[in-house]
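Peer 1: Note that the protein sequences, when read in sequence, are chains V and A. Just so we're aligned: 316 in the numbering used here is position 209 of the first sequence, and the numbers increase by one with no gaps anywhere. Just so we're aligned: 433 in the numbering used here is position 326 of the second sequence, and the numbers increase by one with no gaps anywhere.
Treat the hints as calculated values from the structure; they're not laboratory data. Among the hints, a few may not be true.
Note that identical chains are pooled: a pair holds if it fits in a single copy or bridges any two copies.
[Unchecked claim] Once the Cα atoms are required to be at most 35 Å apart in a straight line, the calculated DSBU-like pairs of lysine-lysine come out as:
#1 Lys-363 / Lys-190
#2 Lys-363 / Lys-387
#3 Lys-305 / Lys-369
#4 Lys-142 / Lys-363
#5 Lys-369 / Lys-142
#6 Lys-384 / Lys-363
#7 Lys-181 / Lys-157
#8 Lys-369 / Lys-190
#9 Lys-142 / Lys-332
#10 Lys-227 / Lys-305
#11 Lys-387 / Lys-142
#12 Lys-190 / Lys-436
#13 Lys-369 / Lys-447
#14 Lys-384 / Lys-369
#15 Lys-360 / Lys-384
#16 Lys-427 / Lys-142
#17 Lys-157 / Lys-132
#18 Lys-181 / Lys-332
#19 Lys-305 / Lys-427
There are 2 protein chains.
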Amino acid sequence: MVNLTVALDVMGGDLGPLITIPSAKMAIEHVPSLKLILCGDESVIRTHLKEHNFLDHPRISIVHASEQIAMDEKPSVALRTKKDSSMRRALDLVHTGDADACVSAGNTGALLAIAHYVLKMLPGVERPALVSHLPITDSASHAFMLDLGANVFCDSDTLFQFAMMGSVMAEEVDSIESPRVALLNMGEEVIKGSDHIKQTAALLSKTPEINYVGFIEGNDIFTGKADVIVCDGFVGNIALKTCEGVGKLVMGKVMKIINESKFTRLLGFLLNPTLKKIVKRLNPDQYNGASLIGLRGIVVKSHGNATSSAFFNAILEAVKEVERQVPEKIKNKLEVSLLKRS
Amino acid sequence: MVNLTVALDVMGGDLGPLITIPSAKMAIEHVPSLKLILCGDESVIRTHLKEHNFLDHPRISIVHASEQIAMDEKPSVALRTKKDSSMRRALDLVHTGDADACVSAGNTGALLAIAHYVLKMLPGVERPALVSHLPITDSASHAFMLDLGANVFCDSDTLFQFAMMGSVMAEEVDSIESPRVALLNMGEEVIKGSDHIKQTAALLSKTPEINYVGFIEGNDIFTGKADVIVCDGFVGNIALKTCEGVGKLVMGKVMKIINESKFTRLLGFLLNPTLKKIVKRLNPDQYNGASLIGLRGIVVKSHGNATSSAFFNAILEAVKEVERQVPEKIKNKLEVSLLKRS
């Protein structure tokens, strides 16, 4: 097994090292080939490692960073002024090749801006995209959806690149052969979507490298009709957050009915943990992180209020992407298609 | 009690009279002041009425229409060529004042196009919007959301008008005093939305007639933070359909757990109908119809595969809007605000 190294932004997220250090310990114990570089305030990191009896582990090293980026800090300010932040240090390590990937639960906008600046885009990719998996009804499988909020508006070229990148993710990370790629669109019967979606559909239809299966509506995100669902970041973000809201709504209503009688209350004990798990899965960055793809390096974003197990899952996601060499594969696939189009 | 008349597009929807006639009977029995004009093929209507022992009811009349619009017919073609369709006849009756409102479960795009053409817009409104209620967590209350799919893209003036119209709906139909109006936007921490959303926010902030409460994210649609949620039709349609998808996903997972043992299966019988009801409420036009507002007349759209009770609910929604004189109230509110802005 090849050794691989992941840099962690220890100070990112609402609770910083309180969450990230236990996750680091779990990851080291779980993946024998994994090395971690912990970026952040060294003395704080050492205190937390000591608390977990994990100081001076041979596969853990520390890179000191004197600053940290607040969750509500303006991305452009963070990019310009916080050159010694834990997030910047972690991304720098990916850039220099000292780490194979970076995981952060910090400010999403800042992570996007700094990752874009430090790592740069892959050739042929204009914008990075946030991608994650969503669960599928009656199946252990899932669908990749992108962009989940990195870009407000995307033109047809950008959406085309997202389709390409999502297809590589599904193929490489999930080993799906010829993944079915769909464009998220509104009800066909009303109006068949905006011009740039139609243009993207036209581009995808004539690209044999992509198994384009057409438009998909919101109610089919979870039905397994597509392995990759492509949309702009505004729509993706709202769809995703709406999922979370509906999950909580349905869960609340179910628990209310269950609590109405003694008999059914018993069922609540059985259902409650599973329902909570479903709702959590509907929030992918709380579940296993969302990946920032299109960059010359692997960056996984965990939720600001991720638990230790969610941040641990995000580290595992990064490990998987390193093993499958996702950016390299995206680069190759894009090169082939760009060559054909030119 | 004042008499009121609703025109029904009997032939619209997947099952036409099989659904609409029983709903008409229910509505007539439920609302003593209601008169219905059934638009469609007279002999078919008479056959169905006879089957339900409801022929020659004094509060039911028939307007014959020789054509009907297919669910997949192109709206522009339906508008141009189907001048004797059941949908067109029903809308014509609203236009001439013979009916106070129209209810249809037919082709949404055609209904939009023909309603727009026949009824025309209220002064100061550029585009009609589809609006409906969504349930709120832990409450019997709901939030109005618009546009749900009538318009792909909306500029800031259109979104502003939608906010105004939604506010009137909440005030008049739901008797909410000074309804809280919010704009649906993506996660603030990533990027704060598109330019036209920011422009709409600026417009709303300086309009004292609207109780504008700021941006709302997808996960807060159901938490009761706002009484009116405004977005463009593309986003609204996708958010709404995603809700439906999540509802089914969660329900599927819950039923799977329930079916795992004999004991819990018993409880499943108890939960199943309530769960189905929740999922149904997430699809407003299957629940009580979506209203097409901004027009000089009341039009309620029921789902293509609505059940009799859903189509009945849509008729009741139309009755409510007639009683509260919704278009008149929208007109008045817009006049006041336009006067102030000019």
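Peer 1: The structure should be examined with respect to each hint, and the outcome stated for every one.
Peer 2: Each hint, compared with the structure:
1. Lys-363 / Lys-190: neither (50 Å within a copy, 50 Å between copies)
2. Lys-363 / Lys-387: both (19 Å within a copy, 17 Å between copies)
3. Lys-305 / Lys-369: For Lys-305 and Lys-369, neither the intra-copy (54 Å) nor the inter-copy (50 Å) Cα distance is at most 35 Å.
4. Lys-142 / Lys-363: Answer is neither; intra-copy 46 Å and inter-copy 39 Å both fail.
5. Lys-369 / Lys-142: This pair counts as neither: shortest intra-copy Cα distance 50 Å, inter-copy 47 Å.
6. Lys-384 / Lys-363: Classified as both: same-chain Cα gap 18 Å, cross-chain 14 Å, threshold 35 Å.
7. Lys-181 / Lys-157: within (33 Å within a copy, 69 Å between copies)
8. Lys-369 / Lys-190: neither (58 Å within a copy, 60 Å between copies)
9. Lys-142 / Lys-332: Close neither inside one copy (38 Å) nor across copies (45 Å); limit 35 Å.
10. Lys-227 / Lys-305: both (29 Å within a copy, 29 Å between copies)
11. Lys-387 / Lys-142: Cα proximity of Lys-387 and Lys-142: one copy only (28 Å, versus 49 Å across).
12. Lys-190 / Lys-436: Answer is within: at 30 Å inside a copy they meet the 35 Å cutoff, but 56 Å across does not.
13. Lys-369 / Lys-447: neither (66 Å within a copy, 58 Å between copies)
14. Lys-384 / Lys-369: both (24 Å within a copy, 22 Å between copies)
15. Lys-360 / Lys-384: both (16 Å within a copy, 10 Å between copies)
16. Lys-427 / Lys-142: Close inside one copy (14 Å), not across copies (66 Å); limit 35 Å.
17. Lys-157 / Lys-132: within (11 Å within a copy, 75 Å between copies)
18. Lys-181 / Lys-332: Classified as between: cross-chain Cα gap 25 Å, same-chain 38 Å, threshold 35 Å.
19. Lys-305 / Lys-427: within (34 Å within a copy, 39 Å between copies)
Of the hints listed earlier, those the structure fails to meet are numbers 1, 3, 4, 5, 8, 9 and 13, in rising order.
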